[in-house]
Amino acid sequence: MAQEGAAEPLRSPGTGNTWPGGRSSPTWTGLPTNLPDSVLDAGWNERTDDTPNDRHWKGQRLALLILLALIGVLVVAMTIRALADTPRIAAQWRIDSLGRIELAASSDPALGAHIGQALTGVMGPGDAVALPDTLALQRTPRWVVQDADRERQQATQLLLVNALASQSVRLFFADGSKLQLQPAPRGLAALPVATWLLGGIALALYMMAVLVVLRSASARNLVYAAMALCQAGNLLLMAAEIALEFGLPVPLLRWGMPLHMAFDLFTAAAMVTATCLHPRRLPGSGWIALCAWGAAIVLVAMFSAGALPSAWWWIQITVILVGGVGIGLLSWSYQIEPHPFAIVLRQFGIVTTTTWALLTIALAASDGLRSVPHNIADTGAAIWYVYLAALLLLVPFLARSQNVLREFALLAAVGTVAISLYLLFVAVFTLGQLPALTLSLFVSLGVYSAVRQWILSQLIGSSVLTTERMFEQLYRIAREVEARPERVPTLLSQLLSDLFEPLEVKVGDLRTRRSRVAGDGSSMLIPVPVLGGEESTPTQSILIRFAQRGRRLFTAEDARLTDRVVEQLRRAVHFDKAVEQGRHEERLRIAQDLHDDIGARLLTLMYKAQSPEMEDYVRHTLQDLKTLTRGLAASNHQLSHAAAEWKSDLSHRLTAAHVELKWVFEFDVDILLTVVHWSALTRILRELVSNAIAHSQAQQLEIDFRLLNDRLELTITDDGVGQDPHAWSHGLGLGGVRKRVKQLGGEVEWREVQPQGIRCRVVIRDLSARWQL
Amino acid sequence: MAVRVLIVEDNPVARSFLTRVVKESFSDALTITEAGDLESARRQIGPLGNVAAVADPFKLILVDLELPDGNGMELLAELGQYPATKIVTTLYSDDDHLFPALQCGADGYLLKEDRFEVLVEELQKIVRGQPPLSPAIARRLLTHFRSGSSGSGVVTTDPIPLSTGFQSSRPVPMGRGAPLDHERLTPRESEVLTYLSKGFTIKEIASLMGIKWFTVNDHIKSIYKKLNVSSRAEAAVLASKQGLV
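Just so you know, the protein sequences line up as chains A and B, in that order. Start counting at 1 in the first sequence, then tack on 3, and there's your number in this note's numbering. Start counting at 1 in the second sequence, then tack on 907, and there's your number in this note's numbering.
Read the hints as simulated data drawn from the structure, not as lab findings. Hints may be right or wrong, so weigh each one.
Stated by the list, open to error - Mimicking DSSO-like on lysine-lysine, the simulated pairs with C-alpha atoms at most 30 Å apart in a straight line are:
(1) A:K665 x B:K1105
(2) A:K665 x A:K742
(3) A:K745 x B:K1105
(4) B:K1105 x B:K1119
(5) B:K1032 x B:K1119
(6) B:K1032 x A:K611
(7) B:K966 x B:K1105
(8) B:K1119 x B:K1132
(9) B:K1128 x A:K665
(10) B:K1032 x B:K966
(11) B:K1119 x A:K665
(12) B:K1105 x A:K611
(13) B:K1032 x B:K1105
(14) B:K966 x A:K665
(15) B:K1128 x B:K1105
(16) B:K1110 x B:K1032
(17) B:K1110 x A:K665
(18) B:K966 x A:K611
What the hints assert, rightly or not - Which residues of chain A face chain B? A few of them, derived with a C-beta cut under 7 Å, are:
(19) L606
(20) K650
(21) S654
What you are looking at is a predicted structure, and each value in this text was computed from that prediction instead of being measured. We treat Cβ as the ideally placed atom computed from N, Cα and C, and that holds for glycine.
From just these sequences and the hints, can you work out the full model?
Structure follows, in structure tokens:
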């Protein structure tokens, strides 16, 4: 098998590929064989430029595509044309209660007289054909269980064809009446709807195969194309078979069975090969694929040579076994790498294989029972093939939500189940037709809702995060982002992790304009928004892989949701900023007013003070006002800056009072003091120093400020005449100190020191504990 | 001949208080002129066209920042070439208010809520050439000169936060183009500023640097002058802006 990328070295893996239609979408079929461990390689970048070589190839591909599409349409059209030209008896037949072929309706007035009669034979110019049972109504030899029956059916059909090809046939009815008829071509308009439908689906599958291969002829794409083409062939054969009641054309009779068989077995083999290659290449994948293909080819060859007894059983069981192997391989693949795609494929694989097995059992059980209409086998099988075709059409778009197609596939699967169950109920439990039909419908509807839920949970997933929690988190992040814009990637990653529970989250320097699903739904790439600042292109992206711990695929809806979440985050940050700006302006205005009006009045009052005590009192008030207004206006103060001002201010005042200052200031982290801390500490220091100046008559004041391990210890020691601090009456000043220390969650005490003086000690254990006061 | 002093202050109580401070500070004969707003101050000063021609200029001018008809900085900016010691008297002690005033050419500042004796002492110091320099202003100066000397022609468009008033320690990028010699600080001056920004007193700085305290003072004076020269043009713009606010 050709190595991926060898044919087209310029192609970058994964997301860079484009469909011929120009859409850039990561698909199942476009993935590199080995997803690199470091997924943040250049390949994830959006490709912006096409090399001329590439464009050339694109043009060629387009021409090729049109050519192949024309061929496909031509083949289907010719088949339908041939069907329309095949001579037939213009009548519809059904099976009566005795298991005979009964005339149901006819547009021919001559035949109309015989409606309700059972057909017992047909006579052409040559042989007469006896129709003892309904085998002749079963159109395809593929779904005849017994070899003997199949041979008989083929022989009957051959005779019927010859009879119908002649100018006139005679029909014999059970009541002994005869009728001479001229078989005639029916024309396009009279072809049954099912023929058109199956032909259409076959064409769609063929086109899908062509598109996928033209996009890139990698091993996995070829395998996919093989499956799609086989199924397209199957469907086309069925389209032909379903159009003809009696008398399959000779080529169909001769080649129908081997072709069906080959298509089925090759599809199964290709399926195993696909699971070996995707979502990741499994060890020994070459051998496994070889075995599968070998078995398929041997079986087909043996049957063609007539050396395969009980061919039907061989096909059915081989397909079931191969399906089981595929499911096993997918489980293994998931253990190696938790790619959710493996799980989704496995679920579809289980549904497919189970319905196939059910169909097999039902047909085997009902075989030979007169009461069971034979042609229902055709219908059941046809529905199963339609299901498979829908699935094949769906697979390349699993990550984009193709709801309609998915529902259609599931409904088709359930249709198969319903028919199988109906056959089983009739055959095994010998129920009447009506109860069997009702019961099977009920059961299959139940199965449908269960399976639908089971499969959708992988694609859509239960909402892990309630909306409420997400909003809460969104606004929390918005606030945090405002304070620390550099943490956007980390915070957003956190939010996305909670939202999708991915196994891997990475931040890389990749540019993408909007969130997109990549690597087939296993990954999603989200641009890190530039929050707060001016609108600009994001330069970073977050890559999350394997949603819900690798149990779910990312879908296009997830990408849209993420984009909306990011947009909401942007708005929240914007809003918070505006609010903060408004608050800041408001505070500034209040501060300005306080300072200008009250400050000027206090100043006047101070100048007019009657006594020095009064003057000092007003001065302190004025200083407190200034601290207050400054606290209102400023947001944060760096500890070292605040300390410099404290020292400068205090030494200024102490020098004026002829007191010497000894200043020790130590800290391990230069923290940002909040306004609360800053103003509280400023006022504590000022009050204690004022107190010392006013009462102690000290020569020297020692201030020791330490902030180590978030523990603040402030001691102010004077060598003055103060004594017995416990007996002090705590007026406004010292009371204020106590209040503020308590506000910060600390303790304050005054003690006498030797030989003389007072030491005030303030301890705050966890300074940052009340950070957000 | 008496030394002429102009006090521009709208509050009459504060005006008389400052008059007392000025009278207490100097032993010379003084003629103190008072003005309640910018307009009367300008009238008192007279035409500024040819300063040298003014017969008897004011030797000392005290200007309040908040005046009924504008900001004192406007007057300071207009008085760029006026040969007087210009002192800002204000209630605002934060660098956001004081720094622009110093840029406008103030030779020092007095905080109006200080005690009478402190004010007298400070005023004497300023007139002697020992202007005060708070840690916050020192920090602003460092940023100012650093961005000036490392400017390398990058024009920053950050608005200068004059209208936001109280915010402290926000760097004001003033650097425009390559700095001239007189716009650059000497290493010693930088050192002095760094110490000042950390809250050291002049005496402490002198002992730390192993120089005399008056040498430290000379450095501070020189820094004032450089600030004044380097930002005179911008200060004029600033002042007019401030006046509009």
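Would you pick out the hints that fail for this structure and give their numbers low to high? Hints 7, 12 and 14 are the ones this structure does not satisfy, whereas the remaining hints hold.
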